[in-house]
Amino acid sequence: MIRRKVLPVILVVVMAMTALLLTGCNETTLGTSNWTTNGGDPSLTKQEEVADDKLVEFGMYPQTKAAADVQSTIKSNVKIDPETGLWTEFNDEKASARYDLETGYFVYQAKVEGEAQAEQYYMMCGENLYLVEPIKWIVLETSGSESLLISSKILDGGRKYNNLYGECTWAESSMRDWLNGTDDYDINNGANYKEELNFLNRAFNETEIAALKKVSLSCKDNDTYKTDGGEDTQDLVYLPSADEFNKYFTKESGLNSMAYGTNYAEGRGLATDKNKAGIWWLRETGAKTFMLAVDRSGNITEGGYAVSDVSAGVRPIISVSTSALKK
Numbered sequence: 001m002i003r004r005k006v007l008p009v010i011l012v013v014v015m016a017m018t019a020l021l022l023t024g025c026n027e028t029t030l031g032t033s034n035w036t037t038n039g040g041d042p043s044l045t046k047q048e049e050v051a052d053d054k055l056v057e058f059g060m061y062p063q064t065k066a067a068a069d070v071q072s073t074i075k076s077n078v079k080i081d082p083e084t085g086l087w088t089e090f091n092d093e094k095a096s097a098r099y100d101l102e103t104g105y106f107v108y109q110a111k112v113e114g115e116a117q118a119e120q121y122y123m124m125c126g127e128n129l130y131l132v133e134p135i136k137w138i139v140l141e142t143s144g145s146e147s148l149l150i151s152s153k154i155l156d157g158g159r160k161y162n163n164l165y166g167e168c169t170w171a172e173s174s175m176r177d178w179l180n181g182t183d184d185y186d187i188n189n190g191a192n193y194k195e196e197l198n199f200l201n202r203a204f205n206e207t208e209i210a211a212l213k214k215v216s217l218s219c220k221d222n223d224t225y226k227t228d229g230g231e232d233t234q235d236l237v238y239l240p241s242a243d244e245f246n247k248y249f250t251k252e253s254g255l256n257s258m259a260y261g262t263n264y265a266e267g268r269g270l271a272t273d274k275n276k277a278g279i280w281w282l283r284e285t286g287a288k289t290f291m292l293a294v295d296r297s298g299n300i301t302e303g304g305y306a307v308s309d310v311s312a313g314v315r316p317i318i319s320v321s322t323s324a325l326k327k
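Here the numbering used here is used: the first residue of the sequence shown is 1, the next is one more, and so on.
If you are wondering where the hints come from, they were derived from the structure by calculation, not from laboratory data.
Mixed in with the good hints there might be a few duds.
What the hints assert, rightly or not - In silico lysine to aspartate or glutamate, EDC-like type, Cα no more than 20 angstroms apart, as pairs: (1) K75 x E113; (2) K65 x D100; (3) K75 x D52; (4) K288 x E208; (5) K226 x E208; (6) K111 x E83; (7) K194 x D177; (8) K136 x D53; (9) K79 x E102; (10) K75 x E146; (11) K327 x E102; (12) K54 x E133; (13) K79 x E48; (14) K276 x E48; (15) K326 x E206; (16) K213 x E167; (17) K326 x D177; (18) K136 x E49; (19) K220 x D243; (20) K326 x E89; (21) K214 x E196; (22) K54 x E146; (23) K214 x E252; (24) K326 x E146; (25) K65 x E146; (26) K251 x E89.
This one's a predicted model, so the numbers in the text were calculated from it and none came from an experiment.
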């Protein structure tokens, strides 16, 4: 059963999106990385990840690169008519495949001895397809009926902290708007929504969004670089602060501060080392026109990375009703 409500089905939008969909996830911008050796040693040994039995599932997102046979079947047989905007569908004795305009996913269904198996959903990004899978989260803490979670992996990459270069805070950032579906990424009238779905509506269905809890956030001024932390906000999805990072990623907690990217995050532009360790954004300011981030070695960078950097990735935090989580 398909889970995501996404794009309004309007013929004008269909035609406008035709070229967009043929090239995959248009928001992928493989720019020049600003990463240098002070951002972590790529030769570092891979650290232990959180075991699956310690994780919970909530929401879905593109993650693993599709198998070669799935890639071939979809790319070879699911085509769009540039005049009508209609997609062809494929069906033979081994598999069926189609495109779902409402969600922006390709739907693939394998057959075993003629019997159709469960449908699988794939997102096109660049030249590759990525399987849409349950998101796995680390439980940072549970208080009453709510749990605070951070994604176990870097889920997205190649994304500027702010679309306009210059001084920026979390409250003003494109990153915040994309994560929460606000302003330019609003599902109803956001200027950027026509080209790029926000994280909130891509990752969660309506029932899951209803289970999310809005969190009051503040960001400290950076005394070292004399940069303003910005206004307080209330958000459903956010990035950790430096204090939150230091609180949860400790020797006592056993949580590894080195984070590893999904195939999709790498396909989007996340720059990783040989172990797939990547840089991930925090929400507070660093040096002027820079935001703090955690480098590949699992340490907070002193000055941060430029708001226009596309080498860093996104590792969101959410607060959710504990009853909505799956082991």
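Outcome of the hint check:
no.	hint	verdict
1	K75 x E113	violated (23 angstroms)
2	K65 x D100	holds (19 angstroms)
3	K75 x D52	violated (32 angstroms)
4	K288 x E208	violated (37 angstroms)
5	K226 x E208	violated (39 angstroms)
6	K111 x E83	violated (32 angstroms)
7	K194 x D177	holds (14 angstroms)
8	K136 x D53	holds (10 angstroms)
9	K79 x E102	holds (16 angstroms)
10	K75 x E146	violated (42 angstroms)
11	K327 x E102	violated (29 angstroms)
12	K54 x E133	holds (18 angstroms)
13	K79 x E48	violated (42 angstroms)
14	K276 x E48	holds (13 angstroms)
15	K326 x E206	holds (17 angstroms)
16	K213 x E167	violated (29 angstroms)
17	K326 x D177	violated (27 angstroms)
18	K136 x E49	holds (12 angstroms)
19	K220 x D243	holds (9 angstroms)
20	K326 x E89	violated (34 angstroms)
21	K214 x E196	violated (23 angstroms)
22	K54 x E146	holds (17 angstroms)
23	K214 x E252	violated (28 angstroms)
24	K326 x E146	holds (14 angstroms)
25	K65 x E146	violated (33 angstroms)
26	K251 x E89	violated (52 angstroms)
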